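As you go down the protein sequences, you meet chains A and B in turn.
In terms of our numbering, the first sequence is residues 1 to 509.
In terms of our numbering, the second sequence is residues 510 to 894.
Because the hints were derived from the structure by calculation, they are not lab data.
Treat the hints with caution; some may be incorrect.
Here are the in silico distance ranges between beta carbons for each label pair [as the list claims (entries may be wrong)]: (1) B:Pro560 with A:Gly97: 52 to 58 Å; (2) B:Ala860 with A:Arg218: 50 to 56 Å; (3) B:Leu551 with A:Met83: 43 to 49 Å; (4) B:Arg866 with A:Arg114: 40 to 46 Å.
The model shown is predicted, which means the values in this text are computed figures rather than measured ones.
Built from N, CA and C at the ideal position, the CB exists for glycine as well.
If you want the building blocks of each chain, they are given just below.
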Amino acid sequence: MRGITKRYPGVVANDHIDLDLRQGEIHALLGENGAGKTTLMNILYGLAVPDEGEILVDGQAVRIAGPSDAIARGIEMVHQHFMLIPVLSVAENVVLGEETMANPVFLDRREASRRIRKLAGRFGFELDPDAKVESLSVGQQQRVEILKTLYRDAQILVLDEPTAVLTPAETEEIFVLLRNLAKDGRSIIFISHKLNEVLEIADRITVIRRGRVVGERRPAETDDKELAELMVGRSVQLTVDRGESHPTEVMLKVEDLHVRDDRGNEVVRGVDVEIRRGEILGIAGVAGNGQDEFVEALVGLRRVASGRVWLNGRNVTGASPRQINEANVGYVPADRHRFGLILAFPLTDNLVLTSYYKPPFAHGLVRDGRAILAAARQRVREYDVRTPSTEVAAQTLSGGNQQKLIVSREFGGDTTLLVLDQPTRGLDVGSIEFIHKRIIEKRDAGTAVLLVSAELDEVLELSDRIAVMYRGKLVAFVDGRQADKNQVGLLMATGGATDETHEATGTST
Amino acid sequence: MSQAIARLPRPRALLRYLWSLIAVPLVSFFLALLVGAIVIILSSTLVLKNPFDPTLPLTAYQALAQGAFGSFNSVVTTLVITTPLLLAGLGVGIGFRAGLFNIGAQGQFLMGAVGAVAVAANMQSSPPAIAIPAALAGGALAGAAWGFVPGLLKATSGAHEVVTTIMMNYIALASLAWIVKGPLKEMGSNPPTTPDVGAAALPILIGSTGHLGILLAFAAVPIAWFLLFRTTRGFEIRAVGANPDAARYAGVNPRLMIVLTMSIAGMLAGLAGACTILGISHRMNTTFQTKVGFDSITVALLGRSNPIGIMFAALLFGAMRAGAPPMQINAGIPVELVDFIQALILLFLIANAVLRRLLRLRGVAGAEQTGFQTITRSYGRETLT
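So here's chain A without its partners, still in its complex pose (with noise of 0.2 Å):
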């Protein structure tokens, strides 16, 4: 790609950028949200079409005017999000579009799986072709989307994210399925934030900020903390001081609590934990053991099955969410577009989502428009919120703005409790290093923190204490200044059912 140049109103996407690609190479493609990633690659899957610049296939100048074009030059795309149909079959998904045909009329299950079979086999993985997508973890779905590429025989690689779903050990499955495919002579684009993945699975990285290449190097050549300057454009604090913690009182605690997802599976099966004043305690588990459900229970949102809830000494077993925040609970939850926000609001509607009823934000039954105002200028200054004014809706937000909302909301006033689910979710560096000071901040003031992230590096940074939960439980906790990432790694995957020496007690020492 040669001088490509995307101009939308009021900000260039992308500003002549150039990007090569050799055949067999794993090419990272690495920016914060907004950086032009995203436009650079729609570009080249013919979903843009650019102002200026040229894109040529083996040094030849081709005109991709749509996804079919890009596909007939074995260019494919895996998105964040999967675009599988969950009620067929792998086979038939992989197929779709260009059915095996047994006759004009019905098509060819067994050739279909006995095609997709050899092909899982040439690359090294291993995939039940007639299982059901549904019924497959997330990691194999991704496999399934690559598997698809391949039956079309994709030369050319894109991948949005691929690892921001999936556990460690996933990641590294599928870090193995892609060298496989580079050896294979097929290359690679592999779209991330996360410096670490694209130091360990790149052969070369471009750096792209503000839609303008600002490096390129080799993953021997450079480290973290280079990238994310780069990246980020000033020196960055990739680790948060976490500094000591002085716990004190017991403010949130938890007795033998069991809780029920949507389809009446009992997904959280006694859990007992305590947490104290200034401390963060952290959950580390696999994405689908609980803890959705748990904190769901906690603030009130989910019924508890059974079990008991203490905050501050008061039972609030089965409270409401208007009780649990009306005992400065600050909540942020980790589907930010389905709870912490009403998207098509105005920012100042979201900023008092959780106080909107309660003076100063209104009298009786009369909202004060101005106080709200106030209030919500005030609060994107102080969370440095990136936003052209407050009457605009959330929905015009990028993802990190959108957090740093909600952040602002919830760690506004004299919390007593932060219940933190995903809170760095699909944010930039930047964003990620904000709100963990703000998080060490309110944990130095006070507050007891609850922290669930499926980025255990995350948890491993911030946690005072660390609890790895697994199957509904919390089966080990271990300092967190001392846990170890292959350790707690384990217990993710295992629960610790092979390593004895962890005591799964819920109260700090």
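Given chain A's structure and the hints, the job is docking chain B onto it.
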């Protein structure tokens, strides 16, 4: 859009904002007129074998406008017809804001009329100052009850309001017939009719037909606007409509809001029915019917579920209904043309997404629940838990 409307931004931005609000309704209206014009010409030349006359649509629309606004009396007629459309349209619009598709304005209207006449029939000897508010309240309550039931069903069992309100419409129709033939039948009337509303008849304020209900309907506009955009309750209603999960997170009880919103919607449609019986018909027989229930849905959509928009939309529909008979007399165009144009407006409105793309509008003001989302979203996923 909630705050922005009152906190006037800079003129240019304001203009752009206003345009983004009214572009789709306005374009829908003119496209409907255009297609209507084609049909007028076609039916005249092909069906009636008249000579080809390209000015016929203009003649027709001119007669329509003349009939609606041409004289003092025609303006009064327009306002009288607008009144129930406006009240019921506000109800449907508030429902849309809460993400509810209330098809039950029809039944709520009818029950409102029944409620009003039932109270009025028993207050023949009271002074109007007591009888009128009492009869209006009776209508409002009866309408509210007819909205409350589907609201309660949805809140407790998840039964979809589209289904239950349609059922309630049939129940209203049958109940009306029974009440007119039974409990409220005036002795000796044949065909069966209720007594005259007597003291509860709304006083005529302007012209020969302009009754008190007109004032009531237009007064409801700022009240509805204030409720939606200036009160916490309105915020809760809109929050539930825009994102029920986030509303729950914010401490709002979505079930309560559903019941409340449906009751308010029913009350407004009920008032529309009460105004119609107390202001115009004064008596009810078993054939008492209305198009208001369904027209009000189009009115709410055309007004983008904003009370001010609904006011203009109701005026437009009222004018078309008022102008149709004079148009038929003066231009020889059948009154059904108005139904046709209204249906076309609805069709173009629902093609909202296409229109917005053609007009190069981005989701500036169309983001919040304004009805389009409510009726076009899939009904598979219910987020109440």
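Here's how the hints hold up against the structure:
1. B:Pro560 with A:Gly97: 52 to 58 Å: At roughly 56 Å between Cβ atoms, A:Gly97 and B:Pro560 fall inside 52 to 58 Å, so the hint holds.
2. B:Ala860 with A:Arg218: 50 to 56 Å: At roughly 54 Å between Cβ atoms, A:Arg218 and B:Ala860 fall inside 50 to 56 Å, so the hint holds.
3. B:Leu551 with A:Met83: 43 to 49 Å: 45 Å, holds
4. B:Arg866 with A:Arg114: 40 to 46 Å: Because 44 Å falls inside the window, the suggested range holds.
Hint check: no violations occur; every hint is consistent with the structure.
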